[in-house]
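Visitor: These are the residues of each chain, in order.
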Amino acid sequence: MRSFVSQKVAAIPPSGIRKFFDLVAQSRGIISLGVGEPDFVTPWHIRESAIYSLERGRTTYTSNWGLLELRQAVSHHLAAWQGLSYDPEFEVLITVGVAEGIDLAMRAVLEPGDEVLVVEPCFVSYAPCAALAGGTVVPVETRLEDEFKLTPEILKRKITPRSKVLMMGFPSNPTGAVMTEQELAAIAEIAIEHDLLVVTDEIYGDLTYEGTHRSIGTLPGMRERTILLNGFSKAYAMTGWRIGYACGPADILAAMMKIHQFAIMCPPITGQYAALEALQRGATERDKMVAAYDQRRRLMVEGFRQIGLPCFEPKGAFYIFPSIAPTGMTEEEFAYGLLEEEKVAVVPGSAFGASGKGHIRCAYAASTEKLTEALRRIGAFTERHAQQTPNETEIAMRR
Amino acid sequence: MDAQKKVEILRLLEQDGRLSPAQIAPMVGETADAVAAAIRDLQDQRILMQYTALVDWDRLLDDRVSAVIDVKITPQRDTGFDRLAERIARFPEVRSCYLMSGTYDLSVEVQGASLKEISRFVSDKLSAMDGVYSTTTHFVMKRYKHDGVAFGDGDADERLAVTP
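Protein chains in written order, with my numbering: chain A, 1 to 399; chain B, 1 to 164.
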């Protein structure tokens with residue numbers, strides 16, 4: 001029998017995280033810093049509101065665009081938070097998480113061979129979605145010495161006449177990097193000069209710890225060339241509800257909506273009502289969670305500083321991305337060794353793109369008790385595997 | 001240290017009284033010495049009053065009982081409700097004592113070894129005090145939540161161990 005699987009799909013490598021997940025799933029009694037989602041459950045008022053929507057019998061399809069009330073709330077939220085104005089009727093689409101938004105955006109705009117500049121290290125979906133939509137992925141590597149920010153120099157080197165889309169996510173999963181308004185302005189200038197569409201994943205936008213998040217879409221000349229993706233998973237601890245949204249110019253949104261209406265119809269209505277409650281009354285609980293992440297973030301920065309693994313201070317999301325260079329190990333050796341010897345799970349940085357090599361991603365969405373213990377174990381592991389300096393080696397040899 | 005930082009320290013200790021100054025320090029962005037000094041200061045001012053454990057005694061099949069008593073009292077000249085409230089609060093059986101708005105004056109929570117012991121406290125001590133003119137005793141049947149913590153097994157972490 002011939003193989004029925006399309007070559008395009010067969011050519012996509014499976015998620016690097018998957019392999020590691022299978023290994024972790026077999027281990028018992030581990031502390032996992034590998035979880036890319038909040039350790040909080042969805043605040044009770046949101047859950048209660050979803051239950052109420054079920055009691056009221058709200059179990060139907062919604063508009064393909066999503067509940068109008070929710071789109072209006074999203075539009076108000078973005079106006080108040082970012083000063084961005086999107087028409088709730090034709091410029092806001094409710095999606096199944098940001099993940100669907102990425103897929104829709106790529107499929108709506110790419111022609112075969114169009115180049116997608118993917119800022120790495122990044123969330124695992126960007127490159128595969130671009131490739132499946134027929135695009136050619138051009139990785140744009142960010143570096144520790146730039147605090148994993150996208151710099152104009154690095155971006156310019158990757159631009160060709162075929163460049164069409166710049167796909168990026170700040171605050172960043174896995175690095176925790178954020179971009180300031182000035183830094184974004186330099187990127188916006190290049191996007192305008194080279195006529196690029198920017199697809200920006202801002203799912204961690206509420207989780208910033210010094211200064212508030214700025215969307216690149218707010219910069220002059222950018223709204224018409226920006227697709228803004230966001231959702232409820234991280235800020236409101238709603239990962240399992242799968243509700244996100246896409247905002248952008250009406251013509252592109254109409255194209256995205258065309259794919260969405262045939263492939264998805266609409267996200268589950270219960271989740272949409274929960275999301276509406278989150279936007280209307282979720283700020284207090286959200287801010288409490290953000291304050292807790294901030295305390296843990298500082299605990300982690302201090303912890304890794306003491307362990308001696310170099311990392312910059314992440315200013316957003318809930319990840320820290322230390323370099324494991326002092327151990328002389330690869331990120332995979334480190335992650336597998338740490339799991340086996342100390343029962344702590346971290347994710348090898350290379351799961352998020354080649355530029356994540358030599359790093360590990362540690363999520364601090366866990367209790368301070370667990371984080372403190374995990375840091376102790378990482379410290380013990382690092383000390384045990386620290387490369388001996390030549391001097392020490394000499395002394396050891398003489399003995 | 002600014003007042004905001006002190007509030008942050010208090011919030012952390014309110015959640016987990018076992019946190020050491022060294023553990024708190026990085027979380028609030030201060031040195032361990034500064035945190036220790038602030039804690040001493042807060043203790044001296046009796047803002048930080050005690051470090052206690054929250055125990056679910058029901059799990060030990062402990063048969064102690066609690067009751068909440070609505071108490072009506074006559075306010076006294078000069079001292080109002082305070083003097084009598086403080087006298088009531090001094091009894092070791094009394095776990096908490098609040099002045100309330102509404103149809104009664106004091107809400108008094110008492111704990112005892114048995115229903116009889118609490119009944120005796122109410123009839124012999126509380127009702128017999130000058131100025132107390134009515135009591136209504138409600139026995140606690142089951143505790144679901146106390147000081148912001150829900151009793152029971154708690155929610156397990158149901159997240160997958162590694163996710164993107």
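To be clear, the hints were calculated from the coordinates, so they are not data collected in a lab.
Be aware that a few hints might be false.
What the hints assert, rightly or not - Heads up, simulated DSS-like pairs for lysine-lysine below, C-alpha to C-alpha not over 27 Å straight-line:
| id | chain 1 | residue 1 | chain 2 | residue 2 |
| --- | --- | --- | --- | --- |
| 1 | A | Lys158 | A | Lys8 |
| 2 | B | Lys145 | A | Lys370 |
| 3 | B | Lys116 | A | Lys288 |
| 4 | B | Lys6 | A | Lys370 |
| 5 | A | Lys343 | A | Lys370 |
| 6 | B | Lys5 | A | Lys370 |
| 7 | A | Lys288 | B | Lys125 |
| 8 | B | Lys6 | A | Lys288 |
Unchecked claim - Just so you have them, the derived chain B footprint on chain A, three or more residues with Cβ under 8 Å:
| id | segment |
| --- | --- |
| 9 | 30–41 |
| 10 | 44–52 |
| 11 | 299–312 |
No residue lacks a Cβ here, since even glycine has one placed at the ideal position from N, Cα and C.
Visitor: Is Lys5(B) within 27 Å of Lys370(A), Cα to Cα?
Guide: holds, 23 Å
Visitor: Take the C-alpha atoms of Lys343(A) and Lys370(A), compute the straight-line distance between them, and say whether it is at most 27 Å.
Guide: The given pair, whose Cα atoms are some 12 Å apart, holds under the 27 Å limit.
Visitor: Are the Cα positions of Lys6(B) and Lys370(A) separated by 27 Å at most?
Guide: Within the cut-off at roughly 24 Å; holds.
Visitor: Would you check the hint for Lys158(A) and Lys8(A), treating anything up to 27 Å between C-alpha atoms as holding?
Guide: holds, 24 Å
Visitor: Take the C-alpha atoms of Lys145(B) and Lys370(A), compute the straight-line distance between them, and say whether it is at most 27 Å.
Guide: Holds: Lys145(B) and Lys370(A) sit about 24 Å apart, inside 27 Å.
Visitor: Going straight from one Cα to the other, do Lys288(A) and Lys125(B) come out at no more than 27 Å?
Guide: violated, 44 Å
Visitor: Assess, step by step, whether the Cα of Lys6(B) is no farther than 27 Å from the Cα of Lys288(A), and give holds or violated.
Guide: holds, 17 Å
Visitor: Is the coverage entry for the segment 299–312 of chain A by chain B consistent with the three-residue Cβ rule at 8 Å?
Guide: holds (count 4)
Visitor: Under a C-beta cut-off of less than 8 Å, do 3 or more residues of the segment 30–41 of chain A approach chain B closely enough to confirm the stated coverage?
Guide: Satisfied; 8 residues make the cut.
Visitor: Confirm or reject the coverage of the segment 44–52 of chain A by chain B under the rule of 3 or more residues with a beta carbon closer than 8 Å to the chain's beta carbons.
Guide: This one is violated; 0 residues, fewer than the three required, reach chain B with a Cβ under 8 Å.
Visitor: Holds or violated: Lys116(B) with Lys288(A), Cα cutoff 27 Å?
Guide: This hinted pair is violated, its Cα atoms lying about 44 Å apart.
Checked against the numbered hints above, the structure violates hints 3, 7, 10; every other hint is satisfied.
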